[in-house]
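There are 2 protein chains.
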Amino acid sequence: MPPLDLLADTLGPQGLLRDAGDVAPYAVDWRGVYRGHPEAVLRPASTAEVASALRLCADLGLAVVPAGGRTSLCGAAVPIEQGPPSVVLSLERMNRIRALDPLDLSLVAEAGCTVEAVQVAAEAAGRFFPLHFGAQGSAMVGGALSTNAGGIRTLRYGNARDLVLGLEVVLPDGRVLDDLRRVRKDNSGYALRHLFMGAEGTLGVITAASLKLFPPLLKRETALVAVRSPHEALRLLARCQGSGAELVAFELIGRPCIEITLKHAPHVRKPMELSTSWFCLVEAASTHLSIPVREALEAALMAALEAGEAEDVILCESEDQRRNLWDIREGFPACSRQEAPGLPTDTAVPVSAIPDFLESCGALIAERYPEGKMVAIGHMGDGNIHLSLQAPPGTTHADWARRGAGFEERVGEIAVELGGSFSAEHGIGQSKRAAMAGLKDPVTLSVMRAIKDVLDPAGRMNPGKVLPPP
Amino acid sequence: MPPLDLLADTLGPQGLLRDAGDVAPYAVDWRGVYRGHPEAVLRPASTAEVASALRLCADLGLAVVPAGGRTSLCGAAVPIEQGPPSVVLSLERMNRIRALDPLDLSLVAEAGCTVEAVQVAAEAAGRFFPLHFGAQGSAMVGGALSTNAGGIRTLRYGNARDLVLGLEVVLPDGRVLDDLRRVRKDNSGYALRHLFMGAEGTLGVITAASLKLFPPLLKRETALVAVRSPHEALRLLARCQGSGAELVAFELIGRPCIEITLKHAPHVRKPMELSTSWFCLVEAASTHLSIPVREALEAALMAALEAGEAEDVILCESEDQRRNLWDIREGFPACSRQEAPGLPTDTAVPVSAIPDFLESCGALIAERYPEGKMVAIGHMGDGNIHLSLQAPPGTTHADWARRGAGFEERVGEIAVELGGSFSAEHGIGQSKRAAMAGLKDPVTLSVMRAIKDVLDPAGRMNPGKVLPPP
Numbered sequence: 001m002p003p004l005d006l007l008a009d010t011l012g013p014q015g016l017l018r019d020a021g022d023v024a025p026y027a028v029d030w031r032g033v034y035r036g037h038p039e040a041v042l043r044p045a046s047t048a049e050v051a052s053a054l055r056l057c058a059d060l061g062l063a064v065v066p067a068g069g070r071t072s073l074c075g076a077a078v079p080i081e082q083g084p085p086s087v088v089l090s091l092e093r094m095n096r097i098r099a100l101d102p103l104d105l106s107l108v109a110e111a112g113c114t115v116e117a118v119q120v121a122a123e124a125a126g127r128f129f130p131l132h133f134g135a136q137g138s139a140m141v142g143g144a145l146s147t148n149a150g151g152i153r154t155l156r157y158g159n160a161r162d163l164v165l166g167l168e169v170v171l172p173d174g175r176v177l178d179d180l181r182r183v184r185k186d187n188s189g190y191a192l193r194h195l196f197m198g199a200e201g202t203l204g205v206i207t208a209a210s211l212k213l214f215p216p217l218l219k220r221e222t223a224l225v226a227v228r229s230p231h232e233a234l235r236l237l238a239r240c241q242g243s244g245a246e247l248v249a250f251e252l253i254g255r256p257c258i259e260i261t262l263k264h265a266p267h268v269r270k271p272m273e274l275s276t277s278w279f280c281l282v283e284a285a286s287t288h289l290s291i292p293v294r295e296a297l298e299a300a301l302m303a304a305l306e307a308g309e310a311e312d313v314i315l316c317e318s319e320d321q322r323r324n325l326w327d328i329r330e331g332f333p334a335c336s337r338q339e340a341p342g343l344p345t346d347t348a349v350p351v352s353a354i355p356d357f358l359e360s361c362g363a364l365i366a367e368r369y370p371e372g373k374m375v376a377i378g379h380m381g382d383g384n385i386h387l388s389l390q391a392p393p394g395t396t397h398a399d400w401a402r403r404g405a406g407f408e409e410r411v412g413e414i415a416v417e418l419g420g421s422f423s424a425e426h427g428i429g430q431s432k433r434a435a436m437a438g439l440k441d442p443v444t445l446s447v448m449r450a451i452k453d454v455l456d457p458a459g460r461m462n463p464g465k466v467l468p469p470p
Numbered sequence: 001m002p003p004l005d006l007l008a009d010t011l012g013p014q015g016l017l018r019d020a021g022d023v024a025p026y027a028v029d030w031r032g033v034y035r036g037h038p039e040a041v042l043r044p045a046s047t048a049e050v051a052s053a054l055r056l057c058a059d060l061g062l063a064v065v066p067a068g069g070r071t072s073l074c075g076a077a078v079p080i081e082q083g084p085p086s087v088v089l090s091l092e093r094m095n096r097i098r099a100l101d102p103l104d105l106s107l108v109a110e111a112g113c114t115v116e117a118v119q120v121a122a123e124a125a126g127r128f129f130p131l132h133f134g135a136q137g138s139a140m141v142g143g144a145l146s147t148n149a150g151g152i153r154t155l156r157y158g159n160a161r162d163l164v165l166g167l168e169v170v171l172p173d174g175r176v177l178d179d180l181r182r183v184r185k186d187n188s189g190y191a192l193r194h195l196f197m198g199a200e201g202t203l204g205v206i207t208a209a210s211l212k213l214f215p216p217l218l219k220r221e222t223a224l225v226a227v228r229s230p231h232e233a234l235r236l237l238a239r240c241q242g243s244g245a246e247l248v249a250f251e252l253i254g255r256p257c258i259e260i261t262l263k264h265a266p267h268v269r270k271p272m273e274l275s276t277s278w279f280c281l282v283e284a285a286s287t288h289l290s291i292p293v294r295e296a297l298e299a300a301l302m303a304a305l306e307a308g309e310a311e312d313v314i315l316c317e318s319e320d321q322r323r324n325l326w327d328i329r330e331g332f333p334a335c336s337r338q339e340a341p342g343l344p345t346d347t348a349v350p351v352s353a354i355p356d357f358l359e360s361c362g363a364l365i366a367e368r369y370p371e372g373k374m375v376a377i378g379h380m381g382d383g384n385i386h387l388s389l390q391a392p393p394g395t396t397h398a399d400w401a402r403r404g405a406g407f408e409e410r411v412g413e414i415a416v417e418l419g420g421s422f423s424a425e426h427g428i429g430q431s432k433r434a435a436m437a438g439l440k441d442p443v444t445l446s447v448m449r450a451i452k453d454v455l456d457p458a459g460r461m462n463p464g465k466v467l468p469p470p
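Going down the list, the protein sequences come from chains A and B. So the first sequence is numbered by full-length UniProt numbering: it starts at 1 and just counts up by one. So the second sequence is numbered by full-length UniProt numbering: it starts at 1 and just counts up by one.
Extracted from the complex, chain A is given alone in its bound form (with noise of 0.2 Å):
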């Protein structure tokens, strides 16, 4: 039998695309920057069928890319253009919650659940999931614990990888590694599910996992501060962090990032004068109504003003006036792509150095792209800023692109000189295999590749992804 045949009696009609029109969405990234050219789409319906699928896979030789929203800005989801005859797997028809436990605050997730449907499952039963991140609504469970995603409430609840009590992957063979426990502590041996999360597919298929849920948010405020500089953001955020006021978003935005938001985003309204350089958003919130988390952060704030160390605040009045702050803030990536072309980066440094960092990406820029912008935008109470170098009006994206080359890899550089990471939550996917090879700890790749290598001794997991040629 030919193999897509074999592949189609083995997943059923439902669970192979074939056609051209069918498979070619998955065949390229959301951005339209990366595609590929998979033979076929499978999309098992549960492990069992992700484990025949892998064998199946294994047996005739092809690649395997799994694919969850495809949401990934690294070029994770898709084949890369000149790789080995491959299939997508998609996961999008995993997508039941198979647990739900109020008490002992866990959810069990398919992996093509998406991290809302989580959200809002957990907010029916009274909990509260705390995942946040702008693709939230397409990006599914899978996707975003193979890329340890990260978002705006890292600050309080940390990354993906943090709400994972378990998880369940089909191993490159076919062979299914139940992990999927419900319990807090479970010293039994190597830690093998932080493998997988962060491998972005190159190990084995997430299929489920079993994540941490928190009581419900209750009461949340919302400010927004205009700072003369990311130095005074930096004292901000201490004094917040003092303040008793539970800090769950801390994002530094840079005045051209609201600029472009109210000039592209019409239901948005000016916050307050634009006086600054510079602004926070800062957000604390609170599990009970008793918590005085208004009174806490409005004192904070107000130090700040008296201290000259902040220029004017809004502490929000209503669910509206909040609602208008987060639409400036996650309204940004979108707009900004309306308004210009960019080269955007990803990058964490320790927070102490977002000053530091900031200044040397202003100076690179002056010296060797004077005729680019500096936007920066994210979340500083993780050292996680996203800096892009914006085009002058009329540039076309090709034309920037090359007009910039070396500047993502020369930001990179800044933050790992800075103690940082030259990817803080997007991930490696192809779009930075090269900073791979050259900012990683050479030690560090060479057991990446080890384990590469006894896990899919063929190579046939994602590749050409995370790890950079040897």
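Simulated from the structure, these hints should not be mistaken for lab results. Hints should not be assumed to be uniformly reliable.
[Said to hold, decoys possible] Here are a few chain A residues that sit away from chain B, every Cβ distance over 12 Å (derived from the structure):
id : residue
1  : Ser106
2  : Phe196
3  : Pro256
[Claimed, not checked] Quick list of in silico lysine-lysine cross-link-like pairs, DSSO-like style, CA-CA up to 27 Å:
id : chain 1 : residue 1 : chain 2 : residue 2
4  : B       : Lys270    : B       : Lys219
5  : A       : Lys452    : A       : Lys373
6  : B       : Lys219    : A       : Lys219
7  : A       : Lys219    : A       : Lys373
8  : B       : Lys270    : B       : Lys373
9  : B       : Lys452    : A       : Lys452
[What the hints assert, rightly or not] Beta-carbon label-pair distances, calculated as ranges:
id : chain 1 : residue 1 : chain 2 : residue 2 : range
10 : B       : Arg18     : A       : Arg449    : 30 to 40 Å
11 : B       : Asp441    : A       : Arg449    : 18 to 28 Å
12 : A       : Ala20     : B       : Arg98     : 52 to 62 Å
Because the structure is a prediction, the values reported are computed rather than measured. Don't be surprised by glycine CBs; every beta carbon is placed ideally from N, CA and C.
Fit chain B to the supplied structure of chain A, relying on the hints for placement.
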């Protein structure tokens, strides 16, 4: 040159113990249960010396048993009795705090710092390191991370691995894996550090760690609550979790544990009439004086009393009273050893399964070990109950170990049947290798073995630990 002379040459006079009297303390575990026969003790003073020592041991074909404070409860830090020629590699001289940044909330400690030394250093900088367990005064960072230690604050701050931002590890062949970052987000490839944490020295030697700090706890409120059953304890936990008071500990204590501690610890006072079989030691805390922790906790406890779900409550009025409650809790393990031989266990189940777990264990004892007495104490908020089978008065340790054969294994099975783990926080070491073979998912075990083989192909790192014989 003879092997030990070569090592002496590399490590200097302070770096090698070879006299029988000097080596003896490293050859036996603190409880006197496990005894090995190391040829010498290596005491390197730097990462470079650890690397040299491991290279030399590789050349000489010597097995290496890494050791820290040597307060392991599973025999992880002493060579096995019938093992290959080995040396103990003690990290005790690597005891520097390399860096501390209050703003980044991070600290870099060498493996030989005690957990308490890290707590003290953090406190001196106005910060808080939350890892807290009985042996913290002797346990060292390297050992605590190698066993992924738990303790009483896991409920709020996670296990040891959750407190780590980066690691420095010397691999079995002497290469240094440098992942000692201080950033909160780093998605650049496989999360190797999680492999070494919990590996109990079988994959390499942790030489330093970058650790998370937290704002200090400025207010602590502590209560003892008498409840009639584990079911009531569970309801109390849910009440407290929903109270708005941030829980930092929720311990379940069986009445016999309090009675035993009162009997053997002369400075401990009876906290209340012991009119019920179970007690909950609850601690809530806040990082700011403005947070009404006491009011919130008190309201939850009063509501439990009014609902008839608690029999009696003490909310501490003084630090002295609080200290007394913790002396009962933390004094129990030592007092229990004075009282009678016991067969302790270390399991975890989903929190909601604790009543079933205790009932099943009670039934097991009634049926198969009727002369023994169940004593149970533990970290209820994590589902981690330390249940022990206490011998009748006058029984010897050896006799009780024989008569209680199979008890620990069966309790582990009960935990696994309830969706839990047979090893919650103490690790596997020598003591649970058989349980690993019987209770761990075979696919998981085979992947662990494959990773062991690739990192330590000669099997020289802490042989006879963690992984069961193939």
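Determine which of the earlier numbered hints do not hold for this structure and return their numbers in increasing order.
1, 2, 5 and 7
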